[in-house]
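*Asks:* Quick note, the sequences are listed as chains A and B, same order. Per the working numbering, the very first residue in the first sequence carries number 1; after that it's consecutive. Per the working numbering, the very first residue in the second sequence carries number 1; after that it's consecutive.
Honestly, the hints are just simulated from the structure, not real lab data. Glycine included, each C-beta is placed from N, C-alpha and C at the ideal position. Don't take every hint at face value.
[As the list claims (entries may be wrong)] Some chain A residues flagged as far from chain B (calculated, every beta-carbon gap over 12 Å): (1) Pro163; (2) Ala202; (3) Asp283; (4) Asn321.
[As the list claims (entries may be wrong)] Partner residues aside, some chain B positions facing chain A, computed with beta carbon under 10 Å: (5) Val60; (6) Asp161; (7) Val164; (8) Ala225.
[To be verified] What the simulated footprint calls covered on chain A by chain B, stretch by stretch (three residues with Cβ under 8 Å from a Cβ of chain B suffice, anywhere in the stretch; the number is not a length): (9) 224–238; (10) 364–375; (11) 396–404; (12) 453–466.
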Amino acid sequence: MQPASELTGRRRVPVGSRLAFVGSALLAVTAIMANGSSAQVPSSPSAVDREWWSPGDGRKVPEWLEYENAYGRLGVLNADGPLDTAGHPFFEPIGANGRACVSCHQPSDGMSLSLETIRERWRVTGGRDPIFAAIDGKNCPNLPQGDPASHSLLLERGLFRIPLPWPPRAADGTPIEPEFTIEVVRDPGGCNLDPVYGLASANPTISVYRRPRPVANLKYVVQQKFGVSPFVGKTGEPAMRDPETGRPLNMNMMADARLATLRSQAVEAGLTHLQMVERLSEDQLERIEAFERQIYVAQVLRHGAGSLVEPDGAKAFGPRNLLLGEEGVLGNNTTRWVFPMGDVWRAPAPGDSPEQIAMRESIRRGQEVFHFRTFWIRDSMHLNTVGLGNPTKRTCATCHGMHMTGMDSANGWMDIGTTNLPWARETPRNPWTDERELMPLFRITCKDGVPPHPYLGRVFYTQDPGRALISGRCNDVGTIVMQQFRGLAARAPYFSNGSAASLSELIDFYDRRYNIGFTERERTDLLNFLSSL
Amino acid sequence: MRTFSLAALSVALAAAQAAQASEQNLAFISCPIVRDTSSVPCWLSEFRGQLYYLGIQTDVSADFNPPSLGHKVLVEGTVAAGAEEICGGLVLDPVKVSVLPELAPECNTLLMAEDRYELPFEAPRPPGPSAGRLAFTPPPPPPLPEAPFPERTFVVAYDFDGTVTFQSPRFLTPALDYARHVRARRIEITGYRAAVALSTGEVVAERERLGTIRAEQVARLLQGAGLTEPEYIVRGVDRPQTGTPELRRVEIRIIPGE
Numbered sequence: 001m002q003p004a005s006e007l008t009g010r011r012r013v014p015v016g017s018r019l020a021f022v023g024s025a026l027l028a029v030t031a032i033m034a035n036g037s038s039a040q041v042p043s044s045p046s047a048v049d050r051e052w053w054s055p056g057d058g059r060k061v062p063e064w065l066e067y068e069n070a071y072g073r074l075g076v077l078n079a080d081g082p083l084d085t086a087g088h089p090f091f092e093p094i095g096a097n098g099r100a101c102v103s104c105h106q107p108s109d110g111m112s113l114s115l116e117t118i119r120e121r122w123r124v125t126g127g128r129d130p131i132f133a134a135i136d137g138k139n140c141p142n143l144p145q146g147d148p149a150s151h152s153l154l155l156e157r158g159l160f161r162i163p164l165p166w167p168p169r170a171a172d173g174t175p176i177e178p179e180f181t182i183e184v185v186r187d188p189g190g191c192n193l194d195p196v197y198g199l200a201s202a203n204p205t206i207s208v209y210r211r212p213r214p215v216a217n218l219k220y221v222v223q224q225k226f227g228v229s230p231f232v233g234k235t236g237e238p239a240m241r242d243p244e245t246g247r248p249l250n251m252n253m254m255a256d257a258r259l260a261t262l263r264s265q266a267v268e269a270g271l272t273h274l275q276m277v278e279r280l281s282e283d284q285l286e287r288i289e290a291f292e293r294q295i296y297v298a299q300v301l302r303h304g305a306g307s308l309v310e311p312d313g314a315k316a317f318g319p320r321n322l323l324l325g326e327e328g329v330l331g332n333n334t335t336r337w338v339f340p341m342g343d344v345w346r347a348p349a350p351g352d353s354p355e356q357i358a359m360r361e362s363i364r365r366g367q368e369v370f371h372f373r374t375f376w377i378r379d380s381m382h383l384n385t386v387g388l389g390n391p392t393k394r395t396c397a398t399c400h401g402m403h404m405t406g407m408d409s410a411n412g413w414m415d416i417g418t419t420n421l422p423w424a425r426e427t428p429r430n431p432w433t434d435e436r437e438l439m440p441l442f443r444i445t446c447k448d449g450v451p452p453h454p455y456l457g458r459v460f461y462t463q464d465p466g467r468a469l470i471s472g473r474c475n476d477v478g479t480i481v482m483q484q485f486r487g488l489a490a491r492a493p494y495f496s497n498g499s500a501a502s503l504s505e506l507i508d509f510y511d512r513r514y515n516i517g518f519t520e521r522e523r524t525d526l527l528n529f530l531s532s533l
Numbered sequence: 001m002r003t004f005s006l007a008a009l010s011v012a013l014a015a016a017q018a019a020q021a022s023e024q025n026l027a028f029i030s031c032p033i034v035r036d037t038s039s040v041p042c043w044l045s046e047f048r049g050q051l052y053y054l055g056i057q058t059d060v061s062a063d064f065n066p067p068s069l070g071h072k073v074l075v076e077g078t079v080a081a082g083a084e085e086i087c088g089g090l091v092l093d094p095v096k097v098s099v100l101p102e103l104a105p106e107c108n109t110l111l112m113a114e115d116r117y118e119l120p121f122e123a124p125r126p127p128g129p130s131a132g133r134l135a136f137t138p139p140p141p142p143p144l145p146e147a148p149f150p151e152r153t154f155v156v157a158y159d160f161d162g163t164v165t166f167q168s169p170r171f172l173t174p175a176l177d178y179a180r181h182v183r184a185r186r187i188e189i190t191g192y193r194a195a196v197a198l199s200t201g202e203v204v205a206e207r208e209r210l211g212t213i214r215a216e217q218v219a220r221l222l223q224g225a226g227l228t229e230p231e232y233i234v235r236g237v238d239r240p241q242t243g244t245p246e247l248r249r250v251e252i253r254i255i256p257g258e
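Bound conformation, chain B alone (with noise of 0.2 Å):
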């Protein structure tokens, strides 16, 4: 992660501005919490005062990835109007939470359980043994088309700062399947860095290179799975641009063979 200055300021005072501006959208840099509850625990962040309720514990395939103790996390979410709270905390919705990778000790809050914080819906994953079945279920992939077969594009969606992940099968899977059914001979990925305005009127921006980074594990991958006889041209956009959390993705276009 690094921090804009001298160089950034102006964009940094529009995004600020920005931010004020729809003071329903929230980014803030924070230590998550843990509350426990007589179900599963449920995560918690605290800025500028007011404690936010970010998700719960479920499984693997939730699309909300928890944070961690010991780190701390960039949260990226909307306040609606009149949103409820739950676990004490105010909800976001929707929201983001990625995991900043670098250690920090100090976030190491776990609350124990209160009455007073049951959550209102029954957890989809309790935390013994699942029930048969992960807490959610994708919807099947839609059907493959028939021939004459379109060009495609995919995108692969990514924590701040971060790169391949437990959840990147979701998003590279469909790819290399249409690929491998229409025999692409071409594969063009284009990895993008991105950067955050935060509430704070401050601007973050992913590491170094790292669009070109993600686009060559991309390939990397999709190469490793198999998937080796198309070209690839692959390109790294490492020019931040600054905005949501969809900036920060690889493109997969698939271009069918003849």
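Same shape as in the complex, but just chain A (with noise of 0.2 Å):
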């Protein structure tokens, strides 16, 4: 296990020096175990520089781009040729806070941002970035800026502050009834309880901390062809419909599909984390949305298996192919899977060292596991609810099925206990330490009248209701949209609410949460598999 404190920093490599850079960084690799299948962190670059992209510093975006990571480098590639991000919306400080889109979504960390840079940029600039800015940047406005304790949800998750109106709003602003009761039961935070900006205050909000989800591979996130109708396959319930178009809408972008068009979440991204005064002009809605449908992201070198992306390689890796991929379709296991691998490196390649064809050979086990290895999947919401059974015996690819990405491929809230108790991550008290819950503690009551949930009873406990803030209904407590699984080595932590620090403790999480029983050789062939995304 290699916690996220440990993960080495990246720089970004010149294309030109990229064989070269290939020689080093076998290296520097650690040894492959005799099996072939050890899961191999490197040591740390002796040079680190993260290239942040700071707002407003007028840089280009070439077509393509190299970071090194943890266990290789990511590939960025900018599919529709070089960018000058002068003027740019999604690069300039257009805000009251000097952020930028960039700054949550850097192009080094996956378009998204690891924890590892934002405690760096937490060093380099002692907490003055912009992404420390009080309005989510801190667990609470009102605590005093920069203390380390007044970010702790970022600076030990990754975690930026979600406020909410409770109860939610339909589109039309008109309050709905929401099926259940919610009490703060613990808030080290400081917000939910605030008299100013908590759940009793003049304009009652809940506010959750989650991650910023990566801007890239986009054409995936907002497909229209596949699970896309005027109901939500999994409730029932109406889909979000194009406010321009009136047709329904994919609902997989944000943590609680809250919103479903690259406009409508740019807008109001805007408006709360740039802290803008004014909406985004139309002119600048159409700048952003078309430089975040060209960009492409996913490892292109893994440590110890070399290069991804070599000519008549695995259509499973490097952004190019996701560039080249059909986005909307149904992974499966004849024709169009959801990681296609076909048969490269079924066999070893002339001249390859017996540590790269160990590795290689490790990577595709772990995509095999990633298809075939059944287990029981149980008491989820929105998966054993839509005609699976409780408990049904499937695979990862189950749940994560959409080829190219592993999204769900159709509107995908469910609930895995990422954030409802008893399977989030949580710190028990006891005599023998001071540590404490970084994350909030709702519980939940649903009210008389309504069902109870079909697997949690009437009163449980959650760290995020998650959709249940927008859709108000029971049932929806603690369910997220899952996330693409591309660039994954750059992101780290893990899940919306960064509880998996780690690829490993993210395997952990689904091998204790499902009782699955991975042996080391599948855990560590899983591992290798997910870093090469």
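Once you've looked at the hints, go ahead and assemble the two chains, each given alone in its own frame, into the complex.
*Replies:* Given below as structure tokens:
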């Protein structure tokens, strides 16, 4: 297991020196064990240059970028060619707090923002980088600025504050009568009980804390080909509709699916995260959307395995294959796998080193674990309730079924226990430590007259009610829209609440949650596979 | 769910007699049991010492919605003369299974696979990734009619005590499409609450006001899907009628525009 704090930094790698770097990277990795299946994390590179993209620095985004990370290198494809960021609304500090979109969507971090980068920005700027802005870069705006304790959720878990109105409001602003009551049980951040910002304030608000999602490979995220219909396929509720066309939308973009178009998300992010005084203009929205749609991100080199993007290589890997892949396809095991590898690496290629052969075999086995290792999936809302039964004997690829990204093909909020107790990560108090849980905790009580939550009953606890803060539905509590599996190596921690600090912890969560019983080799192979995506 | 007592005794007795007379039809509440196989698991339930086969795990496209451990199920099915056994259970066909909402932690039996309980057919969808499609493909919808448009009634079916689920869109979408096509001027929605005569002689009714709740929910769903122009007339029939699963329904009557 490799804690996030030990993961190495990254540096931009000039494409011209790529081959030379491959050699040095291969030398840097730890030796592969005899069975060829060790999960490798290299030692830190000596030179660390994160190439932080500051708002308004006027650089050009070339067509191709590569960044080193702990597991190899990430590729960033700017598919429409070089872009001048001067004056571009994605890169300029167009709000009041000095942030730009790029502040939290850094190319080196897979267009998300890793905890490692956040901590480095704290160290380099003394906590004055705009990402630590009071509005959501602190646990609550009224806490002392610059005190690490005020920013603990960002510095410990990589989480930004998301304030949401309670009760929820419909698109027209009218309150939705929720099916449950919510009480604040624990509020280490201090915002939910705050008289100005909290649940009992003049504008009742619930603050939850979430990770920024990657702004890349978005044709898959907002696809309109599969699982998009007037009614959400998992709940029967009406799908959100495009305000311009009236057509139903895919709702797989945000953690709580509260917005479904790139434009509406940009507008909200501008007004909240960037603290813009006025709404983004149509011209700005067009430019932001165009840029977001042309960015593809994936790992291009895996330490030990070497290049992931060789000619005639596996279609599963690399940003160019994401550009060429078909969006909105339910992955299968015959023609369009979720992550297709074909026969690549089934047999060693001439010149491959024993270490390379072993790592490639491990990655290949990890892909097979992902697709074919069955286990019992139980008590997961909006998965076990949609015609599969509870429990259902399936695989990782059951839920993570979208071709090329591993997202859900249908509107995909579900509760696997990342935020709902008893499965969510919690630090039980005990007499021998002063450690306290970071996350808020809410007690949910489903009202009389509505059915209890099918797996958690009428009263239960959650760190983040997820979709239910938008829908008001009891059985939506703790449901979160799943994310894409791309650029994972570059953007720890994982899950919407950052509760898995590393890919090892992510795999541990599933193993524990579903009693999978991964062997050590399966666990290692899966990690090697995931870190190659 | 509400159990009838004295007031409904006569109804219950009559229903019980009917059930006895038609001994092929069964209705019972019991724990579901899942039995693994080398392919997909199958679902069973026991009543009066007899194990019954309900169906197998497939996917979202199947009519059969498998049960849930942790909840009891209401099973409404028919045992054919000379019915075969699958997974060690006597086959109920047709069968309707409703997961009851209240938690029942005592329902927690998962039987491991045994060679003698292999499925006698190939599962439409294996436990791994799909074969490129869902397990079942619904027939294409009939072509929409040309003017003059008739009034049409669409029916939404429900599990016992159920409201909207993942299966509701298959009923709602045709109604939505037709209403749009004919530029409906009025939509009349009637929701029904029902009851079931169990094979034990007991009669169980769905929760209070469920007919109204269903009707109001369907109206909200159609409006939420953008069908806001027509006039809506929404009503619930909350006195439960006892009988088959088809009684648990909402009727959507669509009156075309001029």
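*Asks:* Take the hints in turn and mark each one as holding or not.
*Replies:* Hint by hint, here is what the structure shows:
no., hint, verdict
1, Pro163, "25 Å, holds"
2, Ala202, "30 Å, holds"
3, Asp283, "29 Å, holds"
4, Asn321, "19 Å, holds"
5, Val60, "4 Å, holds"
6, Asp161, "8 Å, holds"
7, Val164, "4 Å, holds"
8, Ala225, "4 Å, holds"
9, 224–238, "holds (count 10)"
10, 364–375, "holds (count 3)"
11, 396–404, "holds (count 3)"
12, 453–466, "holds (count 3)"
Hint check: no violations occur; every hint is consistent with the structure.
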